[in-house]
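Go ahead and model the full structure; you've got the sequences and the hints to work with.
The chain contents come next:
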Amino acid sequence: MDRHRTTSSESPEDPAASGVDVDERPEGRIDNVSAEVVGHDYVLHDGATGQVHFLNQTAALVWDLCDGTRTLREIAAEVARLYGRPADVVVPDVQRAVGLLRDHDLFLRSARA
Amino acid sequence: MRRTYVVPFGPRRRGVLVGAPDLPGPRALLAAMAVACGAPRPRRPAQSESAAFTLPETASPDDLGARLRQLEQWLDESATADPADALLLHASAVTDARGRTLLFAGPSGAGKTTAAAALALQGGQWVGDECLPYLPERCAVDVCRRPVALRPDVTGWITSLAAPGSTPRFVEAGGKQLWISGDLPRSRARRLLPLDAIIVLPWSAFGSAGVASAAPVERSAAEGPLDAGAAFAQLLACCHHFQARGQFAFRALAELCRRVPAYRLEAREGASQLERLQRLLDHAS
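Residue numbers (my numbering), protein chains in the order written: chain A, 1 to 113; chain B, 1 to 285.
Please note that the accuracy of each hint is not assured.
[Stated by the list, open to error] Restraint-style ranges between C-beta atoms, simulated for each label pair:
1. A/His40 <-> B/Arg279: 20 to 26 Å
2. B/Ala244 <-> A/Ala35: 19 to 25 Å
3. B/Pro152 <-> A/Arg85: 54 to 60 Å
4. B/Gly224 <-> A/Gly84: 48 to 54 Å
5. B/Ala267 <-> A/Gly84: 42 to 48 Å
[Said to hold, decoys possible] Listed below are several chain A residues computed to face chain B (Cβ distance under 8 Å; list not exhaustive):
6. Asp31
7. Val38
8. Val43
9. Gly50
10. Gly68
11. Thr69
No lab work stands behind these hints: they were computed from the structure. Computed from a prediction, not measured in an experiment: that's the story for all the values here. Using N, Cα and C, we set each Cβ at its ideal position, and we do this for glycine too.
Listed below in structure tokens is the structure:
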């Protein structure tokens with residue numbers, strides 16, 4: 001079993017390094033993934049690969065919001081609203097989270113808006 | 001005439017160990033195997049017993065440790081055919097002197113067998129080890145008869161805990177010491193044993209085994225209550241055939257960690273370890 005912990009602060013400091021544009025629309029979550037909340041962790045199990053991913057709160061929220069209809073900017077706006085923070089402050093975190101989730105093949109694909 | 005030892009294993013299943021008495025030294029070998037597996041007494045197998053292990057008659061019985069390891073392998077292979085509602089955990093379980101059933105999780109060599117055996121010798125009852133059947137529907141474990149294997153460096157301490165006149169005897173096998181004689185109080189429960197606590201042994205050993213480098217351990221470094229997410233990461237690593245059991249195992253272990261409190265315990269075996277464990281459990285209750 002492979003296991004990975006995904007946090008929004010895991011990737012390089014430069015959000016642009018995640019390669020995720022704010023107008024990009026993450027296409028949506030892959031199928032065959034189970035999610036469980038255990039203690040403080042939001043944990044995903046990818047039934048296709050057997051991988052287990054531990055997400056922090058921000059990454060979990062981004063995962064939930066990536067339904068294929070929202071752009072990254074819209075996702076960031078929702079995260080900012082829920083956390084009571086300015087949207088431009090959370091954009092880099094959301095970019096990192098999307099980049100990491102994509103790196104771990106948790107999205108079907110991505111498309112430019 | 002064959003002499004038969006009943007070796008129960010797995011959820012609601014029993015295997016039967018069968019030996020031929022005309023082999024050189026077969027009785028001693030079979031007796032040792034039966035004791036190692038906790039078989040209560042030799043008897044004829046019943047019709048309902050579903051699996052039989054027949055000792056190869058051409059094999060030399062001289063290397064007792066190797067033969068016991070062979071038996072372990074048989075039991076493991078058979079255990080993979082356990083019912084669909086069970087998971088097999090690489091973990092140890094014991095019912096302590098106060099009737100609490102504890103699950104010890106950790107990597108090989110972390111000391112889970114030692115701690116469980118020590119509690120069994122101090123008024124508790126040994127439940128099982130290595131391939132422990134866990135029944136998610138009941139949040140409980142089943143008694144598992146299997147040879148008890150200890151690290152060589154702890155056999156002295158374990159022997160010192162045994163009752164007078166019941167000196168354990170061990171045989172070397174695969175780097176471990178298999179307990180082949182001397183009483184280990186074993187659970188005779190005919191029912192499943194609901195778990196009262198999960199005890200997680202140190203993460204550092206997991207790191208060295210390259211298993212859990214990315215697990216959420218950093219916030220749970222101290223001995224004491226362990227958050228459910230960290231315990232979950234540990235149990236995922238302890239689940240045999242996790243890939244095959246997939247989402248059933250994932251959901252079942254998540255639920256276990258939500259329902260049963262977990263504690264982190266330092267690995268240093270000895271009386272102080274058991275005292276600290278009792279304090280942790282007492283404080284929680």
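Hints and how they fare:
no. : hint                             : result
1   : A/His40 <-> B/Arg279: 20 to 26 Å : holds, 25 Å
2   : B/Ala244 <-> A/Ala35: 19 to 25 Å : holds, 21 Å
3   : B/Pro152 <-> A/Arg85: 54 to 60 Å : holds, 57 Å
4   : B/Gly224 <-> A/Gly84: 48 to 54 Å : violated, 33 Å
5   : B/Ala267 <-> A/Gly84: 42 to 48 Å : holds, 43 Å
6   : Asp31                            : violated, 12 Å
7   : Val38                            : holds, 4 Å
8   : Val43                            : holds, 7 Å
9   : Gly50                            : holds, 5 Å
10  : Gly68                            : violated, 22 Å
11  : Thr69                            : violated, 26 Å
The structure fails to meet hints 4, 6, 10 and 11 from the earlier list, while all remaining hints are met.
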